[in-house]
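**Student:** Spelled out from the first residue to the last, the chains are:
There are 2 protein chains.
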Amino acid sequence: MTAAGRPLRATIVTVGDELLIGETVDSNAAWLGRELSSLGIPVVERFTVGDSDEDIQRAVRRAMEAGDLVLVTGGLGPTADDRTRTAVADLLEAPLRIDPDLLRDLESRFRSRGFERLPPLNRSQAEVPEGATVLANPRGTAPGLALLIEGTLVALLPGVPAEMKEIARGDLRAVLANTFGDRLRPLHHRLIHTTGIAESELAGRLDDVLPDDMGPVSLAFLPDLGGVDLRLTARGVEEVEAREWLDRLEAAMSSVVGPFRFEAETGDLVEAVSRALDVAGLAMATAESCTGGLLAKRMTDHPGSSRVFRGGVVAYANRIKVDLLGVDEAELEREGAVSELVARQMALGVGRVLDAPVGVGITGIAGPSGGSADKPVGLVWYAVSVRGRVEARMAVFGPDRVGIRERSAQAALAEVLHRLEAER
Amino acid sequence: MTAAGRPLRATIVTVGDELLIGETVDSNAAWLGRELSSLGIPVVERFTVGDSDEDIQRAVRRAMEAGDLVLVTGGLGPTADDRTRTAVADLLEAPLRIDPDLLRDLESRFRSRGFERLPPLNRSQAEVPEGATVLANPRGTAPGLALLIEGTLVALLPGVPAEMKEIARGDLRAVLANTFGDRLRPLHHRLIHTTGIAESELAGRLDDVLPDDMGPVSLAFLPDLGGVDLRLTARGVEEVEAREWLDRLEAAMSSVVGPFRFEAETGDLVEAVSRALDVAGLAMATAESCTGGLLAKRMTDHPGSSRVFRGGVVAYANRIKVDLLGVDEAELEREGAVSELVARQMALGVGRVLDAPVGVGITGIAGPSGGSADKPVGLVWYAVSVRGRVEARMAVFGPDRVGIRERSAQAALAEVLHRLEAER
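Same order as they appear, the protein sequences are chains A and B.
Counting from 1, one number per residue, gives the positions in the first sequence under this note's numbering.
Counting from 425, one number per residue, gives the positions in the second sequence under this note's numbering.
Honestly, I wouldn't trust all of these hints.
Simulated coverage check for chain B against chain A, where a stretch passes if three residues somewhere in it have a Cβ under 8 Å from a Cβ of chain A [to be verified]:
| hint | stretch |
| --- | --- |
| 1 | 439 to 451 |
| 2 | 464 to 472 |
| 3 | 730 to 742 |
| 4 | 783 to 796 |
Restraint ranges, calculated between C-beta atoms of paired labels, are given here [stated by the list, open to error]:
| hint | chain 1 | residue 1 | chain 2 | residue 2 | range |
| --- | --- | --- | --- | --- | --- |
| 5 | A | Ala330 | B | Arg593 | 49 to 57 Å |
| 6 | B | Gly822 | A | Glu421 | 44 to 52 Å |
| 7 | A | Met214 | B | Ala622 | 35 to 43 Å |
| 8 | A | Asp81 | B | Gly728 | 22 to 30 Å |
| 9 | B | Pro562 | A | Val396 | 23 to 31 Å |
| 10 | B | Ala601 | A | Arg248 | 57 to 65 Å |
| 11 | B | Glu764 | A | Glu23 | 36 to 44 Å |
| 12 | B | Pro562 | A | Met214 | 47 to 55 Å |
| 13 | B | Gly827 | A | Ser112 | 35 to 43 Å |
| 14 | B | Leu545 | A | Glu23 | 35 to 43 Å |
| 15 | A | Glu421 | B | Glu442 | 31 to 39 Å |
| 16 | A | Gly151 | B | Leu545 | 53 to 61 Å |
If you're looking for bench data, these hints aren't it; they were derived computationally from the structure.
Yeah, the Cβ is synthetic: ideal placement off N, Cα and C, and Gly gets one too.
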């Protein structure tokens, strides 16, 4: 333990009938958990209660027993079922008083929306418990509030996620820094995106190259259908030391992750592929069977893709593979629609038809039916042609239709990236 | 209050460090909230704690003060950080004993996976607190457990969502029925799917046709990017009476919802469109610009679409609209790519090129850039051709790229459905 004392602890109280009956999933609580962890104030307990004074007060009282910081979200709106402000003011014996600055601010907000005067209901949103600090809410009419009670900071935030987040990252952070000073111990993260290698395989190989002593750093594996993200987290050290550790460990991992790694701020492989196409000055076109448009949809999810993405053909029916993409009908019948040959001809064909130097072809069995002993559900052939040179790969994906389709599109994108990098 | 006593109340305790630090969103709690509400046992309080005996015990003790039913999820696995079974057995003074049936079952599970004997760690999963009922887990090795303590039922469920749900809908329901009998008051729901009308508009029009007295029934509006679902819920009445009320109110609503309603078990408009195409014996093809493959992807999300969906062209570049779909180049340049004329020619063109009697064309400005005073971001033209007869519609969607694309695809699907219904 340092001179700064024992580590800080947070507790969270989320308020709302809709949370209890499950009409709303409590994503605020998870977001706040991550946010507070990243500041070095781990959440140790969480309470969820309905819109009742008594329940809110009991939960806040309990939360104050365990936490140096008590965050309460929800119930700050102007209507009768918004109980949090009153209930907490009452519990902490801090009488509510109209804050003149807040009132002016509210009045001008409503005027600018065309109201002649502040609706009486909303007037309550200018009420502040005695001794509380107002946390500005740039996105809405319910400000956050913070009260320091015998060393415990109690902060009230609105339940609307966008408003809650903006206050948490704005005025609340400043109040936390003021209140807890160097007892805050921010975490330092580094995120490494990989695709094309299974979590268990990656973990095994990293075990061989990582040192036994990782100092203040822990490693987390975050798998999803697109691949596995690796998150290195340094705890309890200053930024300079954290960066040294993270650099050293990242270097140790590079021989293993290198072939599977991609760089993308959004975490989306499309971002890396679009950049590589842009750098190479090449446009891409897609021919999809089992993925049914998913790859084209992903390429166009983000604005600005028109420079590198020309378009695609969803060749769900075999007729389209033959008539539009020029797949050889006799060979398709001999080899089957899910075959190396068809994937190659789809990639070449769509590049030719849509006049794109990079063509992608995907054909597979997304299931649940349509599999055989030779070609099980999940078997996918994908091919990428770059300026007429085509290469194809085969894989068996799972576990279900969604997984097979998502993994197929991701594998095809990874192959485009590899081909473009190899040609540089 | 009936002779059966006051309404039942449930409390939930979710266990896991990953919930507190926000690595996992607590979707189990929301699911259980809905499930228990539907059985007439509303959740009145929820606690989330980390993997520590003391914290689990404190939360369960508090939960037992408020609930007739206490549901604890998580922490039933075989490893050292799975504390729930031991902590609760200890708290309730119900010593753990090996259950011979469970042990046999575990042993045979592991044998069938190729293990010679049960790993010692997993042996603990056959331990049952004295007096507890075992709730079978068909999907995993951690069974659920239920104990009745002075009228309060405490049930432990694993944290893996699929296992938790299967136990909740299986053995737990039976135990609830046995324990609480006719104090359970299941809710009766009816779900009505609509698309193409805004929530506020729908609410206003329904206000005019619904009776002031809706008896035991409440109406909820559940909007998303695809439309607005209406949920009628009857509370506190027997099934026959509930059905009468629901039928009466549904009939009262029919003049308003009729033009916007669709039938789909999955809630997905694609289901209704696919069925209508199948009934009409017609296949469909899509030509997409701003939606970039989203509509084709949606048509192929579910298996079995190959009978009614032939394929599509993602005509992101104007060249493709002209060369592949036969859009008139001079007219495209005169009217712009986002125009009634281009949408019509895309629908007709893709039907012709892909040999489908039903063709869909979508062209719009998905943003964030590319808008103008005449044609703002969100403006979309979509057209549907059925056997060569084409009709087009225009709309301005929002609020962002995702919303514009999703709403465009949904509007085009709704138009296909209307056209097919009109032709019947």
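**Student:** Closer than 8 Å Cβ to Cβ for three or more residues is the test here. Does the stretch 464 to 472 of chain B pass it with chain A?
**Tutor:** Our answer is that it holds, as 7 residues pass the Cβ test (under 8 Å) against chain A, meeting three.
**Student:** Holds or violated: the 49 to 57 Å window for the beta-carbon distance between A:Ala330 and B:Arg593?
**Tutor:** holds, 52 Å
**Student:** A range of 35 to 43 Å was offered for this pair. Does it hold for the Cβ distance of A:Met214 and B:Ala622?
**Tutor:** The hinted range 35 to 43 Å is violated for A:Met214 and B:Ala622, with Cβ atoms some 54 Å apart.
**Student:** Okay, B:Leu545 versus A:Glu23 on CB: inside 35 to 43 Å?
**Tutor:** Since the Cβ atoms of B:Leu545 and A:Glu23 sit about 39 Å apart, the hinted range of 35 to 43 Å holds.
**Student:** So does B:Ala601 sit 57 to 65 Å from A:Arg248, Cβ to Cβ?
**Tutor:** Given a distance of about 60 Å, which is inside 57 to 65 Å, the answer is holds.
**Student:** Just tell me: holds or violated, for the beta carbon distance of B:Pro562 and A:Met214 against 47 to 55 Å?
**Tutor:** violated, 40 Å
**Student:** Taking 35 to 43 Å as the stated bounds, is the beta-carbon spacing between B:Gly827 and A:Ser112 within them?
**Tutor:** Violated, at about 25 Å.
**Student:** The stretch 439 to 451 of chain B covered by chain A? Criterion: 3 or more residues, Cβ-Cβ distance below 8 Å.
**Tutor:** Coverage by chain A holds here, the residue count being 9 at a Cβ distance below 8 Å.
**Student:** Are B:Gly822 and A:Glu421 spaced within 44 to 52 Å by their CB atoms?
**Tutor:** Since the Cβ atoms of B:Gly822 and A:Glu421 sit about 39 Å apart, the hinted range of 44 to 52 Å is violated.
**Student:** Is it true that the C-beta distance of B:Pro562 to A:Val396 lies inside 23 to 31 Å, as the hint says?
**Tutor:** The hint (23 to 31 Å, Cβ to Cβ) holds, given that B:Pro562 and A:Val396 are roughly 27 Å apart.
**Student:** For the range 22 to 30 Å, tell me whether the beta carbons of A:Asp81 and B:Gly728 fit it or not.
**Tutor:** violated, 46 Å
**Student:** Holds or violated: the 31 to 39 Å window for the beta-carbon distance between A:Glu421 and B:Glu442?
**Tutor:** Hint holds: Cβ distance 36 Å, inside 31 to 39 Å.
Consistency with the previously given hints fails for numbers 6, 7, 8, 12, 13 and 16, ordered from lowest to highest.
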